[in-house]
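J.: Let the sequences and hints guide you as you build the complete structure.
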Amino acid sequence: MDHSTSLLRLIFLALGAALVVLVVRSSFHLPDGIDATTAAASSLFDGASCTRFSPWACRQQGRRPSSRESDVPRHPLDPLTGTANFYMRPIEGLTVLVDMDTAEVLHVSDRGAGIPIPAAANTDYRHGHSSPPTSAEAQGWLGFQKVRAPSMEPPAGSPGFELVDGHTVRWGGWEFHLKPDARAGMVVSRARVQDPATGEHREVIYKGMASELFVPYMDPTEAWYFKTYMDAGEYGFGLQAMPLVPLNDCPRHARFLDAVLVAADGRPYVRDNMICVFERYAGDIAWRHSESPITGMDIRESRPKVTLVARMAASVANYDYIVDWEFQMDGLLRIKVGLSGILMVKGTQYSHMNQVNQNEDMYGTLLSENVIGVIHDHFVTFRLDMDVDGADNSFVKVEMARQDTAAGESPRRSYLKATRRVAKTERDAQVRLKLYEPSEFHVVNPTKKTRVGNPVGYKVVPAGTAASLLDPEDPPQKRGAFTNNQIWVTPYNKTEEWAGGLFVYQSKGEDTLATWSERDRPIENTDLVLWYTLGFHHVPCQEDFPIMPTVSSSFDLKPVNFFESNPILRQRPTRENDLPVCAAATGTTAA
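Numbering (the numbering used here), first residue to last: 1 to 591.
If you're looking for bench data, these hints aren't it; they were derived computationally from the structure. There's no promise every hint is true.
[To be verified] Derived pair list, reagent style DSBU-like, types lysine-lysine, alpha-carbon separation capped at 30 Å:
1) Lys558 - Lys434
2) Lys417 - Lys494
3) Lys207 - Lys417
4) Lys494 - Lys508
5) Lys448 - Lys508
6) Lys424 - Lys179
7) Lys448 - Lys424
8) Lys397 - Lys448
9) Lys459 - Lys336
10) Lys449 - Lys417
11) Lys397 - Lys459
12) Lys397 - Lys336
13) Lys448 - Lys558
14) Lys449 - Lys397
[What the hints assert, rightly or not] Derived DEER-like restraints, expressed as beta-carbon distance ranges:
15) Arg521 - Gly160: 34 to 44 Å
16) Lys494 - Leu106: 36 to 46 Å
17) Arg572 - Pro522: 25 to 35 Å
18) Ala286 - Ser109: 56 to 66 Å
19) His537 - Glu200: 19 to 29 Å
20) His537 - Gln355: 45 to 55 Å
21) Leu569 - Gly266: 18 to 28 Å
22) Arg521 - Arg432: 13 to 23 Å
23) Thr102 - Tyr281: 55 to 65 Å
Note that this is a predicted model, so its numbers are computed, not measured. By construction, the Cβ of each residue, glycine as well, lies at the ideal position given by its N, Cα and C atoms.
T.: In structure tokens:
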């Protein structure tokens, strides 16, 4: 093994899915019978070229691998010329199967004959590096170029939240702990909210985090079938987190938290600005009511909705994920995921849709000349160790169904009835959402009641409900079987943190949330973990080229009979003299 081969192997093992630049012919030992003489292969092995490749550790799905193929990455390739957006310039059909233990190339496949490398023009997304301005841009006709982000200044010139010991956040009745994590990204622990009636802080969540991200691409061909990723377990959601950009990723008044992570060789390092925390006010209303003078009461009561956001962002190769935990003063907790970054694309000989045979499956959308954006899914599974007013919790399905009235009983023919059913075991709590079979999903503490006798609780308000359509026996879906349901509930087990299993590399689905739940353990009146999966189906469109506008979805944890009444009833209205006085010319805050 020569030095360059050894170095390449070390880089791959240290960085996992990190992007590596290949510039030396001697990095690979070609197997007998492989001739790197095609145009595409020459671009890979030409020592004068600069080709960037993205490695994926993959098992040979659908058949039993031989001993020398059991732990090998495949390398699709992209030329690094003319643009920073090398993802948009694939060398289509060229893949290399490499044994990282021996640094031997096991197989080179070049099925891209006749497919040109897409042009670099119009692919760069960096400010100042994009294509020449359009005529409308040159004339100043583009409205979005005139918009500047408003700056929100905290009253009294200081943030409305406390950051204690660098990790504990206190704001608006909430108190919680923030921790950067190499695998999960951001962990929220010991989240408690203040009861306005007693002043005490009551438990809501012991620990919450993104447990796994499953991203299968929908192209079964040789160069693409293995592109089914576990972004947290395989690559590390936190390891891929980049420093947040002040003023653009987070507003001016945000505070930033650094992370101390551990490199593959065991050395600690600091990731600057991995998490930001800030107050958000977007002009929304927390609550309001007005009465007309006709009633004899001229009432105008309204309160602004101010929230607190803890945010991190990860750039997992081409895709960027933005994760927000948003805390509201009324006790609601919103968990939101935004998708941005760059599509994973494939090259094609087509430059216009009129060239495409209508019976041909392109597995995606023609985005630009010679570029197809491949259809794919994103599933983000959150693990929520619930402690609603204590550790002894139960899961309750509130099932809604139409009830028909008896003849002569009412002018109405039907109404809606809610029936509460306590889940006894894990199987009872598995939920596949159905639009015409609506339910609410409550985590309650049956030992704690309100003054009128309702058990205190929190409910999951679903959104981002795309479900996997893959065959359950498809190898990627076996590994991602935790997406078979939108909601799972399990009894607490300290070894069950990662929905895709503790060790995801080369896994076959033998250690997933779905596997654990097959035991059908009791879950009534015990320490519960609730799992919720946000799902996105993504059929790419031209607006996603060359970089995607952010698409977001979220789900809520909302108090249900947790408080005796509206917890923000006594929130003060905002008055003019509560606000900072800003000098418009300089942007500074007056004393």
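J.: Now look at each hint and say whether the structure bears it out.
T.: Now the hints, each set against the structure:
no. : hint                        : in the structure
1   : Lys558 - Lys434             : holds (20 Å)
2   : Lys417 - Lys494             : violated (38 Å)
3   : Lys207 - Lys417             : violated (34 Å)
4   : Lys494 - Lys508             : holds (22 Å)
5   : Lys448 - Lys508             : violated (42 Å)
6   : Lys424 - Lys179             : violated (33 Å)
7   : Lys448 - Lys424             : holds (19 Å)
8   : Lys397 - Lys448             : holds (18 Å)
9   : Lys459 - Lys336             : holds (16 Å)
10  : Lys449 - Lys417             : holds (23 Å)
11  : Lys397 - Lys459             : holds (10 Å)
12  : Lys397 - Lys336             : holds (23 Å)
13  : Lys448 - Lys558             : holds (17 Å)
14  : Lys449 - Lys397             : holds (18 Å)
15  : Arg521 - Gly160: 34 to 44 Å : holds (43 Å)
16  : Lys494 - Leu106: 36 to 46 Å : holds (40 Å)
17  : Arg572 - Pro522: 25 to 35 Å : violated (46 Å)
18  : Ala286 - Ser109: 56 to 66 Å : holds (58 Å)
19  : His537 - Glu200: 19 to 29 Å : violated (44 Å)
20  : His537 - Gln355: 45 to 55 Å : violated (27 Å)
21  : Leu569 - Gly266: 18 to 28 Å : violated (53 Å)
22  : Arg521 - Arg432: 13 to 23 Å : holds (20 Å)
23  : Thr102 - Tyr281: 55 to 65 Å : holds (59 Å)
Comparing the model with each earlier hint shows violations of hints 2, 3, 5, 6, 17, 19, 20, 21; every other hint is respected.
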